[in-house]
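One-letter residues, chain by chain:
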Amino acid sequence: MAHDHAIGHDDHEHHAPPSGIMRWITTTNHKDIGSMYLWFSFIMFLVGGAMALVIRAELFQPGLQVVSPDFFNQMITLHALIMVFGAIMPAFVGFSNWMIPLQIGASDMAFARMNNWSFWILPVASGLLVLSMFVPGGAAGTGWTLYPPLSIQMGMGMDLAIFGIHLLGMSSIMGAINIITTILNMRAPGMTLMKMPMFCWTWLITAFLLIASMPVLAGAVTMLLTDRHFGTTFFNAAGGGDPVLFQHIFWFFGHPEVYIIALPAFGVISQVIPAFSRKPLFGYASMVYAIAAIAVISFFVWAHHMYITGIPLTGQLYFMYATMVIAIPTGVKVFNWVATMWKGSLSFETPMLFSLGFLFLFTLGGFSGLVLSITAVDILLQETYYVIAHFHYVMVAGAVFSAYAGAYYWLPKWTGYMYDEFLGKVHFWLTLIFFNMTFFVQHFLGLAGMPRRVPDYALQFTEFNMISTIGAFGLGISQLLFLYIVLKARKGGVKATTQVWDGAEGLEWTVPSPAPYHTFETPPVFEGGKH
Amino acid sequence: MSQSASHYFVPQPSHWPIFGSIALLLMANGTVLWMNQIPSGKWMLAGGFFVLLTMLFGWFANVIRESEEGAYGKNVDISFRWAMGWFIFSEIMFFAAFFGALFYIRVLSVPDLAEGLSGEFLYPDFTSAWPSAGPGFKEEFSKMGAWGLPAINTALLLASGVTLTWAHHALIKNNRLHLNIGLALTILLGFIFLLLQVEEYAHAYTDYNLKLTTGGYGSTFFLLTGFHGFHVTLGAVMLCVILARTLKGHFTPEHHFGFEGVAWYWHFVDVVWLLLFVLVYWL
Amino acid sequence: MKRFVGTAGAVALGLLAYTASAWAGYQLNLDVPVTEAGRRAYDLHNMITLVCLVIFVVVFGVLAYSLVMHRKSKGHKAADFHEHLGIEIAWTIIPTIILVLIAIPSTKALIDLKDTSESEITIKVTGYQWKWGYDYLKGEGEGIKFLSVLSTPKDQIHNKAEKSADYMMAVDNPMVVPVNTKVRILATANDVIHAWAVPAFAVKQDAIPGFIRDTWFKADAEGMYVGQCSELCGKDHGYMPINVKVVSAAEYTAWVAEQKKKAASNVDDPNKVWTLEESMARGEKVYANACASCHQANGKGVPGAFPALDGSKMAKVAAQKGKHIDIVLHGKAGTAMGAFGGQLSDTEIAAVVTYERNAWGNKTGDIIQPAEVKAARK
Ligand code: HEA
Ligand code: HEA
Ligand code: CUA
Ligand SMILES: [Cu+2]
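Protein sequences, first through last, are from chains A, B and C.
Everything in the first sequence is counted per the working numbering, starting at 1 for the first residue and increasing by one.
Everything in the second sequence is counted per the working numbering, starting at 1 for the first residue and increasing by one.
Everything in the third sequence is counted per the working numbering, starting at 1 for the first residue and increasing by one.
Isolated chain A, as found in the complex:
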């Protein structure tokens, strides 16, 4: 594998990092920044989750009980924006910050100072989103898709959301440039692109997606802003514009965005499954091609979110075919993971359990996606809870499960202690059960015709909604267990070895646990890779 290298030895002086809070504010260390990203994202997950609980509480019974319809709409908007931009994306950026330099044998990220800024923009941006709840008129009640003209009607909360999104975009673009540059330019000698760990590959391509799609979103919300305040008419028929234009631009961003969420999740899974199968990843090359294919195709399928806007038949057909095509590379990945486990020597520690949960449920979510991609069927299902079920399967059971898999997998490397395996397993099983309880029934709600984004519903939907709400509260409470497990592992416990997992491969397992503050200041020579 890697050479023995000097860890913690360095020949140019390091000033002792500032202590206390200033350490975190001024740090240029990828590990510090990675930790901050991860903590931030978990806090945001709780905040966004608390909002989900408000939504679910209101939906426990028909009638209005907990919140007003206005506030309900604000909750769905903020829930989605905070989960997507505040929780999931930063979680995987956190992983990338911590692990990419360790996996490729670099001393740090390519632009360590800018890295710090990418992080510290996030609290500001999320702050704007949260602040918007408290201004006159409240937050944007438009759904995260911000469709005009509804978003034109909103009060100043909408403007805060727009600027929040601008800042989130800036942060993501800077982060993505940093990651791309690090991967392209800072790999240890001997590590060719095709020998890189799969997690790095997924991030390389995700970073490309970010750089290509976030500016488009910035453009879209800028047009919203000028339509709102300066009398332009991009989205107003009276001036020759079209509200649907916004939807095109938004989804040109929005569809790649869902793969921005999914690809790093695939990356984590592709690290964990081989480790606990004690067998190299099957089909490394085809994995890489599949990711690339998904990324490219994802820019050409956006209007599958707009089948009911009245785009012409040829458009609907084209977008249907293009969307279906994505199932092929995604399928390749699923099959590769299964083949990796085939004839392995499997063990089922918590990271593996979450990966299996991911595989199982993500595939289900992918299948419901395929059902939605069929235009004639989607017309029955669009804007119903079927869609909500679909994307929570791919985003919660996909991205969140994968983030947990990654967190348990690398936690010993970060803290130096093994987490409590028993509690980890409990966390997994509770999450799995409550997740399905929350979201599986939503398929039925959608099929029976319950629209999404409503605070109230007809009596026939009552029972499934009750199940879903109970599930959501169970799911929420189970996540607090994770917090406890992490805090416990930080405090102490069984010391982690350097290798941690006997089947794990990669340079990150050649540095001690916990990973010292500075690693790979002299690049290791990479000789390994079974591919």
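Please note: incorrect hints may appear among the correct ones.
Calculated pairs, DSSO-like style, for lysine-lysine (alpha carbon to alpha carbon, straight line, at most 30 Å) [as the list claims (entries may be wrong)]:
#1 Lys74(C) <-> Lys425(A)
#2 Lys42(B) <-> Lys313(C)
#3 Lys374(C) <-> Lys321(C)
#4 Lys77(C) <-> Lys195(A)
#5 Lys74(B) <-> Lys195(A)
#6 Lys343(A) <-> Lys77(C)
#7 Lys488(A) <-> Lys72(C)
Selected chain B positions facing chain C (in silico; Cβ < 7 Å) [claimed, not checked]:
#8 Leu117
#9 Ser118
#10 Phe121
Bear in mind the hints are in silico, worked out from the structure with no lab data behind them.
Glycine included, each C-beta is placed from N, C-alpha and C at the ideal position.
Starting from the structure of chain A, add chains B and C with the ligands where the hints point.
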């Protein structure tokens, strides 16, 4: 592939990023307040801008010092190249959104409002012809022609590309005089371009009755040219910084990414203008 | 790892049994549509779901085998293969073929759904915040025009009264169409995007302000079909249901005649001069229907979102009367305050403005006459 044995430069902890975040916080909040008729917003915006400038000065001073001290090896140089390239790509995508809007309004929505189903039932009197400000716009306005100021501006920007390349060659040959002259000329051309652009906007508002509020045409025209103008301004400011540095004797024939990065940016702005000239003014 | 499989199986079965036993008869699939095109989409959905299920079972069957047999705890040693071109090509090609097979019927079903030609009745549907307007443009019934609003009482929504069986799903004036007749829908909106959706017809169409988009259906069974607005349109998005009553041709003809008669008798004399009491009484009704959802029945509005009219300068100061009429007629661009000129007649607008200027604490004594509104229209 990184091969170097030398270490990669990792900067010390820095307080500039947090300045940047505070600046953004103030500017975003300030702008929102200001747009919603709350006067204190202006001051918050100005304060934020001031913090931003402080941060930019401080941060770039750091970078320039490190660069001149030779802290940036070959590898860091390559990193800068990748980063600048991807940054410019992100800018291209930003403009793509607005070009996309222009395309959509011109080719899809206006014809539909005139001849499509929507036209048939809602706007029987509206006919589609570009430029259009849509069925709800009743005033007269005229199109911004291509062959007056815009053509001159095209020539100016193309010329500035040439002078910049000349300066670059001079830098490589270590001809500092030509380098300085070339840079200065480029900046001059850039500023003349901006002046003419202001002139053109004045014409648009006073003579052509072409305003930001002139429907789809006005919206796309002003946002596209406006964002381009903003980028020219940024580019020109960066060129000024580079000029100041060359005058101080910074950069060597081998090591001058600061110069090149700005030059790439300037060429990018150039290319956007050519697209604007063809798609917004000409066709 | 028996435990894994065992537990997972138990959980799945448990969940199934739980749902099935406690709520037997609960709807687990789409409604069977009452249109030909809809049934095709319905079958398509079943077919695709089944295909996915089969793939799912095959893939996870293989995985389950592996999870059971290839466990470390059972002493299974890891093999070392990590590539196999043939199999990788196979699992690229096979899904492709499956997808092509799915695509063929999907294309056919879609082409049917989009064919709006040869319709016998054309109805324009307009989405308003938060009600639907129906305009019969062509075919039998031409000229009929009405608004359709949720009829569930507020008390039920706020849990102060027992919820009726059609809670949230009933409207005052359903759209009525004859059975076995091709109906073309032209969807548009007045303020924000709404979507007109009736699952039983496999119809869901965005109603986009400033644009017309069309769709169609041909129902082959009589009955009352319900749907809901399917595009987030603000506060009361959840409360703008759609009711379509499909009736026999004869009943339809009778309905048309009745509507025509009602319309004729409902025409207000535009030259009538109203007294304060008359105007207030009429205005209160209009207000409750059109304005109270935002400005509230007590005129206090919702702070931050919808201004109070009780005590509002515009509704209290005599000099502002013109502005008051104007904002009701034309709305205020960029806010939720829509233009009511198209929805309400001169008489109704006059009445509602009179009402607002005299109700609650606003005691201006102004009486607005229809003629005044008519003059303000242009
Ligand atoms: C992580 C995020 C994520 C991912 C990965 C996906 C993946 C997919 N999504 Fe999803 N989607 C969302 C997030 C995501 N989606 C979100 C957030 C929304 C809603 C946004 C909103 O409106 O608010 C949405 C909405 C959405 C819609 C619009 C629904 C509507 O509003 O009406 C559609 C329609 O086509 C769709 C399709 C798909 C498809 C075809 C895939 C495919 O990529 C899935 C491919 C995977 C598989 C198919 C399974 C594995 C494959 C095999 C085992 C191979 C064999 C299979 C076959 C041959 C069938 N998605
Ligand atoms: C990756 C993104 C992501 C994630 C992780 C989630 C997670 C969850 N989501 Fe969400 N969701 C979206 C993205 C996401 N969602 C999007 C994009 C939409 C569409 C919005 C729109 O229509 O515009 C949506 C919409 C949406 C709806 C539909 C709203 C509607 O249309 O009316 C519902 C309803 O059930 C829901 C529920 C949930 C639940 C129960 C979770 C759970 O998984 C959450 C579990 C976590 C917790 C519950 C946290 C636990 C914390 C505590 C218990 C402690 C609280 C304490 C403190 C805050 C200190 N989500
Ligand atoms: Cu109308 Cu939603
Ligand atoms: Cu999509």
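Taking the hints in turn, this is what the structure says about them:
1. A hinted pair counts as satisfied when its Cα atoms are at most 30 Å apart, and Lys74(C) with Lys425(A) qualifies at roughly 20 Å.
2. This hinted pair checks out: Lys42(B) and Lys313(C) have alpha carbons roughly 29 Å apart, not beyond 30 Å.
3. Taking the CA atoms of Lys374(C) and Lys321(C), the gap is about 14 Å. The hint holds against a cut of 30 Å.
4. Restraint check for Lys77(C) and Lys195(A): the C-alpha separation of about 25 Å stays at or below 30 Å, so the hint holds.
5. Distance restraint check for Lys74(B) and Lys195(A): the Cα-Cα separation of roughly 24 Å lies within the 30 Å cut-off, and the hinted pair is therefore satisfied.
6. Our distance criterion of 30 Å between C-alpha atoms is met by Lys343(A) and Lys77(C), whose separation comes to about 8 Å.
7. With a C-alpha separation of about 28 Å, the suggested pair Lys488(A) and Lys72(C) falls inside the 30 Å cut-off, and the hint holds.
8. The closest approach between the C-beta of Leu117(B) and any C-beta of chain C is roughly 5 Å, which is under the 7 Å cut-off, so the hint is satisfied.
9. Taking 7 Å as the C-beta contact cut-off toward chain C, the hint placing Ser118(B) at the interface holds, the least distance being around 4 Å.
10. The beta carbon of Phe121(B) comes within 5 Å of a beta carbon in chain C, closer than 7 Å, and the hint placing it at the interface holds.
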